[in-house]
Amino acid sequence: MTLSAYLPILLLIIISTIFAVASIFVSSKLAPSRWTFAKRLPYECGIVPEQSDERERFPVKFYLVAMLFIIFDIETVFLYPWAVVYQELAVFGLIEMVVFIVILLAAYVYVWRRGGLEWAE
Amino acid sequence: MPEFTPPQVQLAGVAPEITLLVSALILLIVDTLIGERPNRWFLPVMATAGLVLAGAFAASTWGDNELQLSGAIALDGFASFVKISLAVFGLLTVWVGRDYLVRDALEDSEFYALVLLAVAGMMLMAAAADLIIMFLALETFSIALYVLVAFKSGSLTSQESAMKYFLLGAFSSAFFLLGIALTYGAVGSTALYGGRDPVSEPGIASFLSTSPTANTGLLVLATGFLIIGLGFKIAAVPFHAWTPDAYQGAPSPITGFMAAGTKFAAFAAILRLFDATLFSLRAEWRPLVIAIAVATMIIGSVLAVVQDDIKRLLAYSSIAHAGFILTAVIAANDRGVSGALFYLATYGLAVLGAFAVVSVVSGQDEARVRLAGYKGLFFDHPALAVALTLFLLSLAGVPVTAGFFGKLVVFGAAVQASYSWVVAIGVITSAIAAFFYLKIMVRMYLEESEGESSPLPIGRLAAGVIAITAVATIGFGVVPGPLLRAAEDATMFFQPAPETGQAPLGG
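Chains as they are written, first to last, in the working numbering: chain A, 1 to 121; chain B, 1 to 507.
Warning: the hint list may mix true and false statements.
Claimed, not checked - Listed below are several chain B residues computed to face chain A (Cβ distance under 10 angstroms; list not exhaustive): (1) 3; (2) 4; (3) 21; (4) 475.
If you're looking for bench data, these hints aren't it; they were derived computationally from the structure.
The C-beta atom is built at its ideal place from N, Cα and C for all residues, glycine as well.
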């Protein structure tokens, strides 16, 4: 194993570092900066910014929904390619997909019975 | 389009893991469908059924010796031995956990499901013949354990320790992954043994045996990262910092399960990786493992002396035990492997028993975990005190207990490999360790209890677990033969290396 084989990687690291530093530096020098009060405020979503104390309890339902989304998103990711090669995979593919979907179904039943799908509470 | 040929599906190697996954899913679904009940006795029953079935599947493949699922799973005596032990550990955890959860009103189906999933991951770790599978198994049981450590919902210490365990665990996984990536860079494969044909499908072991002249620099670096990743899981110094906190904050039955199960699974991976696969690189990894083992034995034993909390004390004791078992890894011979198996099985039983006593004595919400709480335990609850004494004697390695024979075989293997000086350090630190085990016993027998003695409700399941582990600890101490022979028969799958001459392990 010779180290010279890794020379391109080293060069790439150096070039990318120079590029990143240079572009930040150049843009800070060239770009016009006209700050207003509103521009300096921290970014916040919505029309009326939240004015209450930040240290309050908030529902974590969004996380729950996001996790559920990922579960069923991944199901789709596997279902589409299977649909394309359904003929070739034949019985083997069918069994594999049934096993996969049954496991996801178990997760779905669990979430549903535990009240994970009830938004208002 | 090329003709599709379905891969060969051989489920014998992973039947125990599949059983556990399916029973965990069924358990969760049944519980949610049945709804609220005052006494959910069916949860531990279902978990017990799943674990017994998994253990039976593991036992049924005893004596087999082959690679399955494209060389990703090793179906050998070594894996069977570990899997059966883990099924037993899981059973004991479920039973102690049931009484603990009912007492503290924490019972939920997730506890049992997560224990089953953790056992499945640990079992897969022992059977993994591919670094990717090993990593998956590591993550499976680690993630289940992160949640289990935080299971005392409402307890800040429990959540804090889960957070620490999670952050350091994720950190160690990164090291392990980097080790896998570097291994792939060096060998071109993540398989430990590779396929049947070492030329067309080389694994790490066949790579090392067929190309002995190859420059192994990258592989040595990878080995270092793999040691770090697994060192976190066995709680070896200097990767032990999470152990006292996680052990202290976790529910006591889970602490016992972590000490027994995680250690066994991670050591199974270490033994398979270093003593079999990377055997021919032993000149490179041995100095590193020796340094870790010596530091682990010394720091674990010395720091345990100053602990005031029994769970922290047992945590440091478990660190010291990791060091003792590492001497068997250093030996890298047949006796070392079988000795480590015997040690881990008997250590697991003793530590599960000790934590069963701790979870009973600690009482509601684990209020009584200080060593001072054990003052005069013998006069208030003689049976509990005698059982705990037995477990502590076994952990200390006193004759007539199983721990004595564990230390004997492990140190014997290291002497055979002419590492007597490591063994000398092991014996000295064992003597230091005996001091803090004695400290607890003095509290129990020679000191008066503070305040009036409160009645301790001892559940039937917890009492049963304490009885079983106590009998096993004495039994394997008096008659160690059968278990020792089983550990010797539990050989690892290994393809004999043609160039290097002798194969390190039978197969």
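Run the structure past the numbered hints and jot down the numbers of the failing ones, going up.
4
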